[in-house]
Structures are given as structure tokens and as C-alpha cells.
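> Take the two lone chains, each set in its own frame, and fit them into one complex as the hints suggest.
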Amino acid sequence: MISGFLNLQSANDGKTKTVSVFAQEDASGGTETLTFQIIDQVRIAVAAFAPNQGQTVAVTHTASGKGMVTVSATGSRQTLSLILDVDKQPKDTGS
Amino acid sequence: MAQCRARVRVRNPANTRPPQQLIRLACVLLLACAFRTTPASAQASGAQKTPPAKAQEAQNTKAQGKAESQAKNVNPPAANPAQPKTGTVAYLDVKNKKVSLPYGEPFTITGDSKDVQLSGGSLTSLLTAQTVAGDYTTSDGNKGEIKPSSVTGTTWQVDIGKLNADTSVTFNFQFTGTLSTALQETVFSEMTTDPAYKAATAQFITSAQGRAPAAQMAAATLLAQAAADVVTSLLNKKGLTPKNPADLKSALGAVLQTNIEPIFNLSPKIASLQQEAFKVFDLVGMSEKDFAALSVMQLKDKLEGVEEKKYQELKLKPETAGAVKAAVKDFLATYQDVMSVLNGGLKSALFTGSSSLATGNDQQTDAVSKKYGAFDVGALYSYRLSELRSFAMVHIYFGPVQLKTDAPAAKPGKVEWLRQRLSLAFGMALQDFSGASKSKISGQNAFVYGLGFRLNKYFRISAGGMLYRTSLPAVNGTASPANGTLRHEFFVGPSIDVTALPALQSIFAKQKSN
Numbered sequence: 001m002i003s004g005f006l007n008l009q010s011a012n013d014g015k016t017k018t019v020s021v022f023a024q025e026d027a028s029g030g031t032e033t034l035t036f037q038i039i040d041q042v043r044i045a046v047a048a049f050a051p052n053q054g055q056t057v058a059v060t061h062t063a064s065g066k067g068m069v070t071v072s073a074t075g076s077r078q079t080l081s082l083i084l085d086v087d088k089q090p091k092d093t094g095s
Numbered sequence: 001m002a003q004c005r006a007r008v009r010v011r012n013p014a015n016t017r018p019p020q021q022l023i024r025l026a027c028v029l030l031l032a033c034a035f036r037t038t039p040a041s042a043q044a045s046g047a048q049k050t051p052p053a054k055a056q057e058a059q060n061t062k063a064q065g066k067a068e069s070q071a072k073n074v075n076p077p078a079a080n081p082a083q084p085k086t087g088t089v090a091y092l093d094v095k096n097k098k099v100s101l102p103y104g105e106p107f108t109i110t111g112d113s114k115d116v117q118l119s120g121g122s123l124t125s126l127l128t129a130q131t132v133a134g135d136y137t138t139s140d141g142n143k144g145e146i147k148p149s150s151v152t153g154t155t156w157q158v159d160i161g162k163l164n165a166d167t168s169v170t171f172n173f174q175f176t177g178t179l180s181t182a183l184q185e186t187v188f189s190e191m192t193t194d195p196a197y198k199a200a201t202a203q204f205i206t207s208a209q210g211r212a213p214a215a216q217m218a219a220a221t222l223l224a225q226a227a228a229d230v231v232t233s234l235l236n237k238k239g240l241t242p243k244n245p246a247d248l249k250s251a252l253g254a255v256l257q258t259n260i261e262p263i264f265n266l267s268p269k270i271a272s273l274q275q276e277a278f279k280v281f282d283l284v285g286m287s288e289k290d291f292a293a294l295s296v297m298q299l300k301d302k303l304e305g306v307e308e309k310k311y312q313e314l315k316l317k318p319e320t321a322g323a324v325k326a327a328v329k330d331f332l333a334t335y336q337d338v339m340s341v342l343n344g345g346l347k348s349a350l351f352t353g354s355s356s357l358a359t360g361n362d363q364q365t366d367a368v369s370k371k372y373g374a375f376d377v378g379a380l381y382s383y384r385l386s387e388l389r390s391f392a393m394v395h396i397y398f399g400p401v402q403l404k405t406d407a408p409a410a411k412p413g414k415v416e417w418l419r420q421r422l423s424l425a426f427g428m429a430l431q432d433f434s435g436a437s438k439s440k441i442s443g444q445n446a447f448v449y450g451l452g453f454r455l456n457k458y459f460r461i462s463a464g465g466m467l468y469r470t471s472l473p474a475v476n477g478t479a480s481p482a483n484g485t486l487r488h489e490f491f492v493g494p495s496i497d498v499t500a501l502p503a504l505q506s507i508f509a510k511q512k513s514n
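The listed protein sequences derive, respectively, from chains A and B.
1 is the number of the first residue of the first sequence in the numbering used here; add one for each residue after it.
1 is the number of the first residue of the second sequence in the numbering used here; add one for each residue after it.
Just chain B, same shape as in the assembly (with noise of 0.2 angstroms):
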């Protein structure tokens, strides 16, 4: 804006008439009245605000006030169900940042379980998700409850509360259910693998043989608590984080304690079957060295699939190919056990008690923000006058509006729809670009005024007059009477809104994001 003015200065240091004069300062007017509506110069010059932002500003403090009146450090409120919403956002959009979150009112976000990825891979392929709930802060301090609510399949929706304009929020999606069975055989399967895994075992076998029972069970009971280790250490990789992991290791060590004995066991029956003397590898076809290659998970999917008449092709005598197949029943049986304690025992420590709530955190960032009014520069074209010229204007809106478009609407219906595009424009025509030899505009600035139309967030049609000073040739050396009179002309054209361009919203539109 400051630029605008130079510019008409600058470039008509002697053509300067009054009645140019008045139509410069009506526009640094308008200009300067656009300013004081955004809030970002309002609160740096302590200017008086507009009475939408005013309300606006009543409306949050009168929120706030009473949130903290029903809980310290809580605010705003989650969403009363029963309170129709104004506004559903996707959580596609949130996390990919292509929408801006509505304030004022409470809102809703959907989301699909496909969608949320977690370091370990999709939610989906970790949890069967159950529940989603959480938390969420905002960039001027407030927290809310994202309160528990179920996952249909692998739809949810959660409630947010009201958001105040202009800020920044995090959410915390915490997502509670059962590990799926794939997660819980590459958990098992990787812990039998770990080197601080056999290391312990090495040194469990080495601590309780031939000791008492009870001494065994006490060296059980630091093979547990290593095992728990690395199932923890394993589950945080996945992206499955546990409220307290100390009460998590606890439970888990209690849990697999109770269950050594298959957990224990499975890793030498595996030996026993890799032995060369039981050619278990002729059985599922491979080679000795492949075979043992073969990781927990795998070993069971081969033999799992061994057919009857497979044991009798052994090269074995019948005592010993009746023992292979009693061996081979025996881990599958085994394995099943280690599974079983791995669902029930994982999960009751994971999901109950005091080590309850290790979930699936999805963590997403997304902008609150609105604006009031923007400064866009574009080309206009005026039919009449064959002329593409340059423009500066000045969009104030009806109210506040959000910065993207496509945003939910704090309000329903067609009338905000329009709200939050249309706007009225002022500003000046500048210099002609379409090679006119001869403009009829006397001091090549013209003003226009007329209205906006927001395509999206950046790009806007604006239509309006021209009022402009005629600068008519003379003709036979006789001027024309119509000279120096002000005419209007109708113009259209396209322009960018710059105040969207993100080193500009803290101007127009304040904005902490990410």
C-alpha cells in the first residue's frame, strides 16, 4: 500500500489536480481503514478494532472465561455432541495441511484408519484400532479433550471444540486397540532374533541350571524383564508408544514371567529341528543351510503346510520320521501357546491397569486463522478503452473470513458461502501494458472500485468502474470540451492476492503454523 502511494507521486509530480488529488486521498484513506482492520496492526499500534473483530474477540474471552471456570488449564471445551456443528474437516486435509480449521465454533474431524501412519507402518497394519481419542493444544496456550470415541471399522470422527481465530493448534490422535496378529508375530519373531534377547537367554540357561526351582524361576524372572526390554524397545519402533513404560515393562515382565515356559521353550525346539540328523528341511524342500535361515514366523508357515505323506518320504527310519512328526506337532502347538500368551498377556498389560493406553500416536498441526481484508495486484481490462492496464487494490470483507476458501464456514448456508468470497475493492489503475499509443487517461492512474470474488486462497476476478480524467487529443488544434472531465468505464480482470503469500499473513492474516 505504502508502494501505491509512492508510485502515483512519484509518477505525476506536476499533473497533480485537485480533483486527482481527491481521488489519491480517498484511496490512502481506504487503505489506511483496510490496515486497521487487520488485527495483527491493530494490536501493534493499540488501535481501536473493528466492532466484527471486537465481537469476534467478546465472544472467545467469554468462552474462555467459562471454560476455565469449570476446569483450570482446560480450555475451550470439547464439543457438546448435542450442539449442531458448523463444520467437518478431514483428517487428509489437516494432515496435508490443505485446509485451515475453522474458529468459533466446535467442529469435527474425520478420518479413516487407513490414513494414519505411524513410524511402523500404517495404524491398520498395527492396531485393530478401537478407540480414538486425545488431546489437542493451541499456540495461545489453551489445551482441550479430544474425548473418547469408538472407530466403525476403520471410519472415527472426533469432536474439537471451539478454536480461537488466529492461532496454531496440535493434536495428539491417540488411537487404542488390540495389535493385530501379523504385529504380534513380527514382535515375537524379532525379539527371538534380538541380541540382548539371546544374550539372556544365554545367561538364563547358564544361571539356572541345575539350581532349585526357585532360583530358576528368580532367573526366569531377569530373562522376563529382558524380554520385556525388547518387546518394548521393539513396539516403540513401530510407532506404539506406552502412557508409562515403566508400569508397561512391570506388566509385561509379570506377563512373560508367568508364561516362560513356551516363550522359553520355542528357541530350542527350533534347534532341535534344524538338527541335520531329523532332515526336517527335506520336508518342506529346501536346503539344510536355507532352512535354518528361516525366521520363527516362517519356520511355522512351512511346516504348517507339511503334508502327511511328506513324514513317510523321509529318509528315516519310521521310529525317528514318527518322532520328526511328533517334534513338528509339538512346536506348531508351542507356537500356538507363545501367540496366545503374546494376544492375551501383550494386550492385558498393554490395554488394562496401569499400564493401560499404549497406543498409536498420530501427532497433526494445522492453522487457525482469518483475515479481514487483503491487498491484491493484478491486470484489468476495460473494453472501451482497449486498455490492459496494472492495478493495486484494496479487498475489505463483509466480517471476518478464513484464509483458504475451501475452509469450513463458522457459519451455514449459501449467504456465508458468498461471505467468504465476496469483497469490496478500491485502489488504482496504474501504468497501461497492452502498448496503447494514445491513453484517454489523463496521468495514466485511474481509480477503480467495484467487487472481489475469491476463486481460492491466492487468486481473485474483480469487476468495477474506472473513474478516470480525460485526456482527449485535440482535433483541428480546437480541444476537445470533453477534455479534464471525469468519465467511468467498466473494468474486469484477474489478480493474486498477496497478503495470502505466507511472508505476508502475518500482516493480514496471523498465522503460526508447524
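Same shape as in the complex, but just chain A (with noise of 0.2 angstroms):
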């Protein structure tokens, strides 16, 4: 289960927008299933965590300009909301 979020943020190299999470995993470790609500867009992401593992998740995504966007697990009570601009090129670190 995911025990925590960090450092969400949105990238934009002019061809590809993303945006990236740092995942916390617990003692438990397994396949976390993410979910990005981008602005308007949802994007999901499946990744693998060993125990107490972390690591950057990242989406694709085509959604434009400034608005919130959030992460969250399934099954765990962790999210992360961030207001950020998508389409910030060369990098955004969300503010």
C-alpha cells in the first residue's frame, strides 16, 4: 500500500507533457495502481513496489494549462493535490 507521496510535478519538453510522482510503499510491497487526474484528463499508471520501496511514477498526458492535479493509490488514503501548469516548458517543479 502506498504510505506517501512527495515531490509531484509536471514536465513539458515541447513534444511530451508529463507529470511525476514520488510513491512510498509500505512494509507490505506489491502492484500499486495510480491514479492522475490531470486537469481535465485521468490518466493510470500500474507499478511494482518492493517493501518500503519508493519510487517515481510518471504519466503521459495532453491536457493544457494551469489546474489541479492529483494523485492518489488504490486502497490507500494517501493523495497529493497540486495546482500546477502542465504546459510550463523547459521544467516545471510545480512552484
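The reader is advised that the hints may include incorrect statements.
[What the hints assert, rightly or not] List of simulated lysine to any residue pairs, SDA-like, C-alpha gap at most 20 angstroms:
1) B:Lys198 to A:Thr79
2) B:Lys289 to A:Gln78
3) B:Lys438 to B:Leu472
4) B:Lys237 to B:Thr178
These aren't lab readings, by the way, just hints derived from the structure by calculation.
Here's what the structure looks like:
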């Protein structure tokens, strides 16, 4: 189960827009499903985690503008919402 | 004074001799004259005013008329910087009611920002004051402008125009400057924990989630408005009052909406750092519970001081420790962004455009009063008679004087200093209370005259002559040839000016204060 999120940020290299987050797994480990709500788009990412492992999970999207980006994980109460400008180049740390 | 006459009449109903009657008549006339010199009695009876009073009134009327011709309802005019000032009043003395303000001449009030207290604390803790301005209103309905003046360091001075005598004046000082850094941080910290802001944030997330950018920004408008309300309220609580609250709220809302990204993002970033999984509390050597209770400012201070090696000491896998380090760095950067927004944005909202003049307002009231005479009671000592006697005296000043001796004089110089204190004194020496068994004063009463010198607002030293009719004992059955003759003796004694007491000021020095 995901026990925390850090560093939710977006990136845009001019061709591809991505949103990434550092997700921390608890002692159970396993496959986690992360849901990204990127302004008006939803993206799903599935990643395998070892116990107590943390890793960055990223998804691509085509949303544009400044708006709320939220990430959550199935089976976890953890969620992180930030306002991000997903069009910002070359790199947006989310302020 | 009326009491004085009554006592004379009652005490010696049978021993009234023609010379004593003359003395008493003279005393009564002098007392009556003294009463007529006071403005209050003159106004009440419609009596003609004394020449100094008339001259003063004419001067005031002339000044008033001139100012009214220049600007409606704005009188007296602000002091002309080129005009020599005859008095300087300390702000602290005005604040502490330790001084009567001068009348009839422009003067200056000097102060230190550190002495100015607003509801949220000292002015210096809230603002770096750059200018001081304001206005003042007198009890006779006149208004004056305090022209903007620069604050040098923390010291400032403002020019005040002529004030009419016998009025009270209320000053509204407005200090304008940049919000102190500490205040900005305090305001933001309080905003993030304010229930109204928290509710607005929750509402924003609910409203914006999954919506198109335009709809999300509309939701952000509501959040910015709520934040502006909270900030405005917090500033008001600290004594910083915008001149136009509606404009300020509008401008502040626009500023916050433009910069909503870092302002909104700070709270969720803090929440992430507070997750047990990342053990950030270990970085700062606190328990998880205490760490969660830190304010935004405290969290920033704690994390700023974290050494590099602390991250390596965390019981986390390297990739997680690296992410925590990046998240702390991101939080501190976001915090700085927020402070920049508040510093630049709030300042622009508060001090420019239609919403400008959000200032620290400070109001002080003091009296402008003068007096022409005084009524004293005290004790006098006559060395040759070896008696200590009570006396009642009327003191007549050489023109109008300030109620308080330490008030700035209307004119500079030692002569004016002396004139403010010196008075002609006339009165009656009454009963001996030094236990003299056989007083040489016939009928106990004697006419006294001399000069008085005010030591301060209440106390005076008087010295002069005492004129009395002798009452000498017969020697071997033969009356002394000196018996029944008029004699002079020197006297000196302290007295208290009862007209300086608040209840009696309305008679001798009309005053309205507070």
C-alpha cells in the first residue's frame, strides 16, 4: 500500500507532457495502481513496489493550462493535489 | 472668590472699620476684574473681553477667514515650512497627555515610530514606516491636514498649523510603509491555519477536481477572495486599516489569484512532508506529533537548518532519502515564492493604486488651552509677625498663558518664559493657624499683594506685602499710640492653583479633552 507521495510535478519538453510523483510503498510491497487526475484528464499508472521501496511514477498526458493535478493510489488514503501549469517549459517543479 | 467675601463678612461683623471696608472693597473689585478676564465668564455674561483676549480672537478670526477663503472646511492651514516654528511638541508627551498644545502659532510634533503603538503591536514591528501624514480636527469644528513627511530611520516630525485656544484637538496620524517581513510571515502563517481559509481550500479542491482549466480558475477566484478576506481581517486585527477596504479586497483577490499556485501548493507540500513514511521529523529531531504541530514559519525555520549529513542518517532507502531532500528543497523554494508574492503582491495591493493607503492609524487627543487668571489658596509666612496664615489670592497674568508651564510658549525667549509664570497677586490673609496667641492683626484679616511665580501647573510661590491694621495690647492700661494704625509686613508662601484642578478649569481655562 502506498504510504505517501512526494514531489508531484509536471514536465513539458515541447513534445511530450508528463506528470510524475514519488510514491512510497509500505512494508507490504506489491503492485500499485496510481490514478492521476491531470486537470480534466485521468491517467492510470501501474507499478510494482518492493517492501518499503520508493520510486518515481510518471504518466504522459495532453491536458493543457494551469489547474489542479491530483494523484491517488488504489487502496490507500494517501493523495496529493497541487496546482500546476502543465504547459510550462522546459521544466516545471510545480512551484 | 465668593467664599472669600462671605468669610470676611461673617468673621468680623462688628469690627468693620472704614479702612477695612476699603481694603475689602478693593479686594472684591480685583476679584471681579479677575473673573471678567476669564473667557468663560466673559462669554457667559456677554461682557467685553480684555484687550489681550480681543487681540487673540481677532488674530484667530483673521487666520480662520483666510483659510476658509482658500479651502472650504479646511482650517487652519498646514504650517508653512518657511515660517519659523515657535514650539516643538514631543509625540510621546501628546500621547501621555503631558503637555498642552500651543495656540496661535504653528508648531511641530516630533516622534519616534517605536513609540507608536497599534493594536497589533508597535508600529515598527508591523511596518517599516516611510511616511507619516494625517489630519486633525479641533473641537471648534476646524480641520487641518498633516502634510506627508518622510520618516528618517524611526524618527519623524510633522508640521501643525495654528490652533485656536481653548479647544481640544484630535490627531490622526497615518503611517505608510512596507509591511515588515515578520508581519508577512505571520499573516501567511495565520492565514493557512485560519478556519475560513481551510474551508475555502477544501471547497476549492472539491470544485476544481477534474474540471477544465477555466472552471478551475473560476474556483480559484473564490479561493483567492476567501484568502483576501482572511488577510484583510488579519491586517485589521493588527491595526493596519486600508483606506478603502473594498478596493483592497478586490486588489488583494487579484494578486492572490494570479499567484494562487504557490500559495495553494504550500499546504499539501507540508502535508506530504508530515507523512510518517518519510520521517522528516527525524531530520529536525522532533517527535512526529510535535513536528505536525509546527506552524509554516516554524517548519521553514527548522528545515532551513538541516545539515546535508542528516539526510544520510535517515532510516530510509537512498532513493527515498533523495526524494525527501528534493521535497524539502521544493518546500523551501515554494515558501520563498509565497513570501515573494506576499511581499510584492500585498505591497502592490496595499500601497499602490486605488487600494493604497493601507496604513497604521494612530489617534491622539490633546487640549489647547490658555488662562488669564488663577485663584490660589495657601499658607503665608510673615517673619516679623511670626505667624503662619492661610490666604486666598487672585493671580492675574500679564496676558494669556498656557495651562501648563511646560507647554511650548507662543513666543520664544526668556521674557515669554517669565511671563508664562509671573503674576500679580491680590488677596486676603485669613486666619492664623500657627498658634499665635495674640495676633497683631486687627480682625484677623489682612490685605495681601505681591507677585506669584508658577512652579508648575498647580503650585506657586508668592511673595509681597501684607497690609493690616494693628491691634496692640495696652501697656499698664495705656493704649499704644501705634494701635489701630496701618502696617506693612513682608510675606512669602506657597499656594495651590485651584483653578488648574479639572473641575474648575471650565471657569479659568475652558478646555475640552478626551
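> For which of the previously enumerated hints does the structure constitute a violation, in increasing order of number?
Hints that this structure does not satisfy do not exist here, as all of them hold.
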